[in-house]
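The listed protein sequences derive, respectively, from chains A and B. Take 1 as the starting number for the first sequence in the working numbering and just add one per residue. Take 1 as the starting number for the second sequence in the working numbering and just add one per residue.
Don't read these hints as lab results, they were simulated from the structure. Where hints are given, some of them may not hold.
To be verified - Selected chain A positions facing chain B (Cβ under 7 Å, derived; list incomplete):
no., residue
1, Ala17
2, Leu42
3, Asn87
Positions of the beta carbon are idealized from the N, C-alpha and C atoms, including for glycine.
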Amino acid sequence: MFRKKQYLALGAVALLALLIVSLPPRVAGHLKLAIGSLFLPLFGLAGVTEQLPADLADSVLPRRELLHQIDRLRRENDEYKVQTVQNAAVLRENNQLHALLGWQQQAPWKLKLASVITRDPANWWQTAQINLGSRDGLQTNLPVLTAEGLVGRVSAVGYTRSQVVLIGDPNCRISVTVENPAHDMGIIGASGPLDTSLVDLTYLSGRASLKSGQNVYTSGLGGIFPKGIPVGQVMDSRPVEFGLYTEARVKLSVDLGALDQVWVLLNPQVN
Amino acid sequence: MNILQTILILVAAFLAIFAEATFPVLRHWLGAQVDLLPVLMVYAALNLDIVAVALLAVLGGMGFDALSANPLGISILPLYAVGFLVHLRRDLILREVSFAQLVLGTVASAVVPALTLLFLLTIGKQPLLGWGTIWQWMVMTAGGAAATPAVFALFNWCNHALGYQPRTETSFRPDREIRRGRL
């Protein structure tokens with residue numbers, strides 16, 4: 001009788017697991033977000049707890065230090081204002097040239113700041129969750145970046161939070177261009193499980209002339225990432241398949257292990 | 001079914017999943033995050049009934065998958081497989097001995113991620129695998145093993161503090177009292 005109950009439970013759990021795994025992706029996605037929402041109060045609590053030491057440190061900071069920081073930020077702000085004016089002039093000129101040649105004009109990026117609230121608890125995925133969702137205008141496949149460079153793309157969107165698949169995850173492939181005279185193009189693939197700062201750059205031509213330190217940018221191909229977002233720098237390269245094509249390793253510009261805040265690009269214009 | 005213990009273990013699973021997703025300290029230092037669900041499953045399988053084991057596998061597995069890129073439900077069967085086998089042999093296991101707890105924690109922490117990866121590959125997913133995965137697997141196994149006696153101690157303390165304790169009886173019985181008097 002005792003054993004019978006155990007085997008009944010085994011059958012029930014196995015059936016339930018199979019049923020859940022075979023749910024349509026859309027339903028499973030919604031269910032996942034709903035279950036994940038149960039953790040929201042704890043995320044809020046963790047955020048407050050993390051903020052508390054910073055607030056305490058701010059409250060004991062000397063007034064002189066604060067004034068010094070304000071002064072430094074004011075000077076930086078002035079410099080950025082001058083640069084913005086210069087950039088606006090360059091943009092106007094660029095748009096005029098685009099218009100003369102009949103090219104599509106580029107709209108300025110619309111960015112939204114998001115905080116990273118969780119990392120993937122499983123070691124075999126490279127994803128994170130951010131505190132923006134559909135109520136903030138997010139959709140799937142929007143690029144996510146920081147000031148240093150590309151981070152990844154939005155892979156699932158809930159009402160208040162979204163999942164971002166990071167560079168180096170097998171589900172985040174990016175078409176990139178190497179900043180060299182030949183403008184070699186390739187695909188950024190997966191990283192290693194341990195060192196996530198190095199990713200593979202594959203499908204480069206066999207004649208690609210890569211050198212260590214060359215910058216790698218998004219190519220704008222593929223329909224997700226706009227052109228020109230920094231991805232990283234070439235570390236080394238090697239010919240593969242008897243020189244048929246070349247593979248390289250790229251050191252990412254962004255430290256994915258220390259992500260705290262990211263920008264979501266809301267209006268990516270891609271080729 | 002001990003409701004209090006079942007609720008305690010489910011709350012612990014909820015907190016463990018949250019901690020794994022929110023505090024990536026071990027991932028920074030050791031390159032891998034330790035999963036505490038297999039450890040909790042060992043405790044549940046040894047001390048609770050099969051319904052509690054099934055609840056932990058279903059709710060814990062779905063909670064873990066909800067915060068991960070895993071397909072929803074993929075972690076349920078690996079967790080339950082471990083819980084079921086331990087529960088089936090619970091009468092033969094010296095659950096109070098720390099060494100037995102350590103060995104069970106080691107085996108569970110090794111088997112659950114391996115089975116999950118196997119299921120992921122079976123359904124055609126492409127997880128991040130490489131030579132470093134072996135290191136991550138070792139860290140998860142060692143971390144789970146080290147956490148098992150601590151988890152047992154914590155739950156034993158909780159049960160002692162919150163649960164009903166039967167009154168201990170003294171060896172004194174009035175009917176066997178030797179009454180001394182004049183013969």
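A quick look at each hint next to the structure:
Interface hint at A:Ala17: satisfied, since its Cβ lies 4 Å from the closest Cβ of chain B, which is below the 7 Å cut-off. Taken as an interface hint, A:Leu42 checks out: its beta carbon lies about 5 Å from the nearest beta carbon of chain B, inside 7 Å. This hint is violated: A:Asn87 has a C-beta 36 Å from the nearest C-beta of chain B, more than the 7 Å allowed.
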